[in-house]
Amino acid sequence: MRTVFPVLTVIGVIVALWYAACIPMNSPWTIQQLERAGKTMTVTEHIADTWAQERPRLPAPHQVFQELWDTVVMKKITSKRSLVYHGWITLSATLLGFGIGTGLGILLAVGIVHSRAMDMSVMPWAIVSQTIPIIAIAPMIIVVLYSIGVQGLLPKAFISAYLSFFPVVVGMVKGLRSPDAMQLDLLRTYYASSAQGFWKLRLPASLPYLFASLKIGVAASLVGAIVGELPTGAVRGLGARLLAGSYYGQTVQIWSALFAAAILAAGLVALIGLIERITLRRMGMRT
Amino acid sequence: MSTIAVALVIWAAGWMVNVRLANSTVANTRPVKLLVPAIFGFTILVIWEVVVRGFGVPLVILPPPSMIAVRFADSLPTLWTDFVQTFVKGALSGYVMGCSAAVLVAIVVDRYDFLRRGLLPVGNFMAALPIVGTAPILVMWFGFDWQSKAAVVIIMVFFPVLVNTVAGLRDTSAMQRDLMRTYGASYWQTLFKLRLPAAMPFMFNGLKIAATLALVGAIVAEFFGSPTRGMGFRISTSVGQLALDMVWAEIVVAALAGSFFYGAIALLEKGVTFWHPSQRK
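One line per chain: the protein sequences are L and H, in this order. Residue numbering for the first sequence follows the numbering used here, beginning at 1 and increasing consecutively. Residue numbering for the second sequence follows the numbering used here, beginning at 1001 and increasing consecutively.
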């Protein structure tokens, strides 16, 4: 209760500011239309018009939600105008890529922890790769894979995979190294083999770190899938909706695609948070 | 066949040197720590070159590194104008504006508990969203030039810096604040002498996250429309012309710019937060 009221207030203020911003943003168009028609309007009519334009510079919140409702609930999900259809295209690429990236990331992290040469060779590159905008190679991957005949889901999943790969490697290495000397010594006194040490100590200890990187990774995967849809020329998916909207000046469509992407991202992060809570509770790491 | 054999031999040689170095007694010295990843990177480059030339991989799929290096050296002026347009005008100006706005807002938010409880969950939520998707809207509002790119960067860096700075401003203990009160320090004196310095480690965390986001934002925003220069513009048009060596040259520029930017922030952090346990030797 202590946080619900302030959060609702902040959201209310944002919505109010949004409505207020619509008036100066959209009124030049209204004035232009009135001049052309040679009519005049009262102030209230004028304001109402700025909130109900066909192609406003800034659509009012209710227009965006109307569009979301129309394209999510009212359309059949197989229709090309349904946002669920486009969302699913993006989501499937995101999830496939996220799965591949996470799997390979965990494998590499295990290798790094067990081989000193691998650690010294690969780890600096993994860390540096976090500071560079790898997303810049997304258009190239799409076009190159297209030219050798691979298209559709896989190229986007590939971009999602490498965007989620490095956060998982870095987080997982940190996690696998998190058991302290005392715990490792205890296992040694039990005469545990290094495989047993891995399965019974290192892997469980790494889970909190893994989940933290998974949250970053899944958000990055979604961005990757959206950006991966741009160079193919706006065919399918949320990124395509963004691009098509910006080609044709359909601002309401851009905003609804943006909200759909935001809802998807929030849902994915919340889902991982839920799995994290359940897993850690069953392992007794958090009450 | 011979290409694969040569590649395997090079790989084995590079790997053997690294295994020797990593398990030797000098493994923990600084030169060796730099040498091992350098050998690894160099081995990859050589194998790339050998495989591309040996199998005759078409240039429109993967150009060899030597060709990328030649292209990089040949088109330095172009790369420089692209760098100025995207990094200096777009990313850097947006970064400075976004981060300073975030710090100022954080100080206000920290002062009013109501705002903190309301704005922080919203800020945390926003930090996880694909904000880069606002690029087409901002390009529509601010035009094709760097202003729209800076706007995307501002929104992208704002929330991570805000959330981290607010967390940092709360990092002083009651004892420390009480001490300031016994000194008769005003709110502003406490802020500047105790709480802002104490917030620095957190703030730099946010600034480092923002440094990588800034370049991503500026480049991706150019995919939605830009003047005829800029790294994102060059990448998307060169991909269209199948001039992949140019694309790779731009990627090298982006990688260098990204790591130097991050390195500069990390260096600044080292200077400002020298007192923090994580920076002590």
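Just so you know, these hints were derived from the structure itself, not from any lab. It is possible that part of the hints are untrue.
[As the list claims (entries may be wrong)] DSS-like mimics (lysine-lysine), calculated; alpha carbons at most 27 Å apart, straight line: (1) L/Lys215 <-> L/Lys174; (2) H/Lys1089 <-> L/Lys174; (3) H/Lys1208 <-> L/Lys215; (4) H/Lys1208 <-> H/Lys1193; (5) H/Lys1193 <-> L/Lys174; (6) L/Lys174 <-> H/Lys1270; (7) H/Lys1193 <-> H/Lys1089; (8) H/Lys1033 <-> H/Lys1270; (9) L/Lys80 <-> L/Lys39.
[Said to hold, decoys possible] Taking beta-carbon pairs under 8 Å as the criterion, some of the chain H residues facing chain L (in silico): (10) Ser1093; (11) Val1096; (12) Leu1267.
All C-beta atoms in this analysis are idealised placements derived from N, C-alpha and C, irrespective of residue type, glycine included.
Quick rundown of the hints versus the structure:
1. L/Lys215 <-> L/Lys174: holds (16 Å)
2. H/Lys1089 <-> L/Lys174: violated (36 Å)
3. H/Lys1208 <-> L/Lys215: Between H/Lys1208 and L/Lys215 the Cα gap is close to 18 Å, so the pair holds against 27 Å.
4. H/Lys1208 <-> H/Lys1193: holds (23 Å)
5. H/Lys1193 <-> L/Lys174: violated (34 Å)
6. L/Lys174 <-> H/Lys1270: holds (22 Å)
7. H/Lys1193 <-> H/Lys1089: Given that 27 Å is the threshold and the Cα spacing comes to 33 Å, the pair is violated.
8. H/Lys1033 <-> H/Lys1270: With a Cα-Cα distance of about 20 Å, the restraint between H/Lys1033 and H/Lys1270 holds, given a limit of 27 Å.
9. L/Lys80 <-> L/Lys39: violated (39 Å)
10. Ser1093: Nearest chain L Cβ about 17 Å off; hint violated.
11. Val1096: violated (18 Å)
12. Leu1267: Interface hint status for H/Leu1267: violated (13 Å vs cutoff 8 Å).
Hint compliance for this structure: hints 2, 5, 7, 9, 10, 11 and 12 are broken, all remaining hints hold.
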